[in-house]
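> These protein sequence lines are chains W and P, in that order. For the first sequence, the numbering used here gives the first residue as 842, with consecutive numbering after it. For the second sequence, the numbering used here gives the first residue as 842, with consecutive numbering after it.
Treat each hint with caution, since some may be false.
Unchecked claim - Restraint-style ranges between C-beta atoms, simulated for each label pair:
id	chain 1	residue 1	chain 2	residue 2	range
1	W	Gly1132	P	Asp1089	39 to 45 Å
2	P	Arg1036	W	Asp1147	37 to 43 Å
3	P	Lys930	W	Thr1007	33 to 39 Å
4	W	Thr1007	P	Gly855	20 to 26 Å
5	P	Val862	W	Asp960	45 to 51 Å
Unchecked claim - One side of the interface only, derived from the structure: several residues of chain W facing chain P at Cβ under 10 Å:
id	residue
6	Asn858
7	Phe883
8	Pro1063
9	Arg1108
10	Val1113
11	Asn1143
12	Ile1152
No lab work stands behind these hints: they were computed from the structure. Please read these numbers as outputs of a predicted model, since none were measured by experiment. Glycine included, each C-beta is placed from N, C-alpha and C at the ideal position.
There are 2 protein chains.
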Amino acid sequence: MFENIKAAKRQLKGHANITPVMTSRTLNHKTGAEIFFKCENFQRVGAFKFRGAYNAMSRLSDDQKARGIITHSSGNHAQAVALVGRLLKIKTTIVMPSNAPEIKRNATKGYGADIIEYDPEKTTREEISENLKSEKGYTLIPPYDHKDVVSGQGTTALELFEELNTLDMLLVPCGGGGLLSGCAIASKNMDPDCRVIGIEPELADDATKSFHTKKLHTVKNPPTIADGTRTPSLGKITFPLVLKYVDDMKTVTEKSIMEAVRYLFYRMKLVVEPSGALGLAAVLSRAVEPGGRIGIVLSGGNIDADVLANILADE
Amino acid sequence: MFENIKAAKRQLKGHANITPVMTSRTLNHKTGAEIFFKCENFQRVGAFKFRGAYNAMSRLSDDQKARGIITHSSGNHAQAVALVGRLLKIKTTIVMPSNAPEIKRNATKGYGADIIEYDPEKTTREEISENLKSEKGYTLIPPYDHKDVVSGQGTTALELFEELNTLDMLLVPCGGGGLLSGCAIASKNMDPDCRVIGIEPELADDATKSFHTKKLHTVKNPPTIADGTRTPSLGKITFPLVLKYVDDMKTVTEKSIMEAVRYLFYRMKLVVEPSGALGLAAVLSRAVEPGGRIGIVLSGGNIDADVLANILADE
Chain W
842 MFENIKAAKR QLKGHANITP VMTSRTLNHK TGAEIFFKCE NFQRVGAFKF RGAYNAMSRL
902 SDDQKARGII THSSGNHAQA VALVGRLLKI KTTIVMPSNA PEIKRNATKG YGADIIEYDP
962 EKTTREEISE NLKSEKGYTL IPPYDHKDVV SGQGTTALEL FEELNTLDML LVPCGGGGLL
1022 SGCAIASKNM DPDCRVIGIE PELADDATKS FHTKKLHTVK NPPTIADGTR TPSLGKITFP
1082 LVLKYVDDMK TVTEKSIMEA VRYLFYRMKL VVEPSGALGL AAVLSRAVEP GGRIGIVLSG
1142 GNIDADVLAN ILADE
Chain P
842 MFENIKAAKR QLKGHANITP VMTSRTLNHK TGAEIFFKCE NFQRVGAFKF RGAYNAMSRL
902 SDDQKARGII THSSGNHAQA VALVGRLLKI KTTIVMPSNA PEIKRNATKG YGADIIEYDP
962 EKTTREEISE NLKSEKGYTL IPPYDHKDVV SGQGTTALEL FEELNTLDML LVPCGGGGLL
1022 SGCAIASKNM DPDCRVIGIE PELADDATKS FHTKKLHTVK NPPTIADGTR TPSLGKITFP
1082 LVLKYVDDMK TVTEKSIMEA VRYLFYRMKL VVEPSGALGL AAVLSRAVEP GGRIGIVLSG
1142 GNIDADVLAN ILADE
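Next comes chain W alone, as it looks inside the complex (with noise of 0.2 Å):
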């Protein structure tokens, strides 16, 4: 899988960025350790999610790029493949709720991606996309659980290992776990001796369960502030590689998600959503206890100005 990797990241250049990696005086004084941020937020679109999407989408075959893809997502892989689809001129088809919020229905209509809504009380996203790619003959490029996806996460943490050749832990906020099995992969090959652990909310600790017990646990719409963690479960291909690759899980509130965010923003000028800064409530929380060399994944910065306004309110 790590050659999938750096194959991923021969496909990303001059396409996606190298983000750049942030780090705090007044946070390393505060936990004593040395802190490093991989700012994805700073990636296209707001988020790591175009690493995944562009590596899959570049890889399909003329004829399924002449045919067009589709994808199930309200989310930033939406905004991601649709993007990849304007860059390659490929059709995009996204299959979003009817109850998806606006702002995230006009950023993908606006990279050029024709939004299909379904009433989420009526049907699934599933069952809407498998009927389309079997009527239209459109690929799925699903949002973790694909090699091709969990490959360009990994790029992620192997651009950080470049840049830092060593570290002592490396925390990965887990939704469906591609931005973590990646970032695992990479990093178990760069730095044998980094720690890798995933951070989940504790109101969607699905896959914390699944990895202690090593049985696949999922989650309903888990009421947490950190929208990119709602995925119900870790994927086919994404559960075996968190349990090969992933050192530990831990899990933070809410509360701790929310100090985080403003923590980011008042003190590092760094627009960060709830999901993006789970690896820094972990560390503010002592869910994980600081020390060393800490990277820290910063997945994304897609975060709704009534949802910041809420939790910059909370304090």
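Using the hints, position chain P against chain W.
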């Protein structure tokens, strides 16, 4: 003066951050220009003010350091002086109006400064400062009208040209003219062909008027959202420097300042205060015609939560 800026750079080494330069493909595409943002929102205390304060205070004599320093400011300069005081073990006293925002008073206090409050209805900050200067032997470090402060701020542009070599245009926010004049001096020495343009809010256009008429104009408490530019006028030192080294001055509306803050927030995931967004406001509103390689100084990121919430809700 350029020698002083190069000396300031040596003085700041290891103390100030070498702030990153950020770009946006979307913005370049939209404007047809190549735009480089010098991110002083990532400077220590969240604004360029750390540069001038550190340069000026670290050059004081041992005797001056032992007696302590005083300044009057309720903004970023106050926080910068307070932090530098803590770093260099110099006692600092900040004269602030009793109606200064709680958040700024607390941040300044947090760095260990003594706060002296005054009632702006009954007395002036200059009067209070003068009394304390003669009574206690404090040295005054003003927010902009001071040679070492100007030289410190000039390192912002020096770093930018060291990284980018040439620019066609450099856009710098203008309050009291410390940042603008320092950056203009550095710019004219590093790349004489680069046009340096100072940007002010239309509602606080004293420096623009002063520049065009060559006579000092003043404003009193202008109601602009860009609080860093509410200074009454250019200074005795900065006015002649602005006349000599700056190529032009332009103004922008409150609406365009808010649009720029929103753009930086949503599209670039950067927290930038209204004064810091003046350069981008000039480009987005076509107060300057974009083209070629444009440097924009994002001067700071200290924005209150409620101000940002209002700006984001204004769209």
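> A separate judgement is required for each hint: does it hold in the structure or not?
Going through the hints against the structure:
no.	hint	in the structure
1	W:Gly1132 x P:Asp1089: 39 to 45 Å	53 Å, violated
2	P:Arg1036 x W:Asp1147: 37 to 43 Å	41 Å, holds
3	P:Lys930 x W:Thr1007: 33 to 39 Å	35 Å, holds
4	W:Thr1007 x P:Gly855: 20 to 26 Å	23 Å, holds
5	P:Val862 x W:Asp960: 45 to 51 Å	47 Å, holds
6	Asn858	8 Å, holds
7	Phe883	6 Å, holds
8	Pro1063	25 Å, violated
9	Arg1108	8 Å, holds
10	Val1113	7 Å, holds
11	Asn1143	8 Å, holds
12	Ile1152	9 Å, holds
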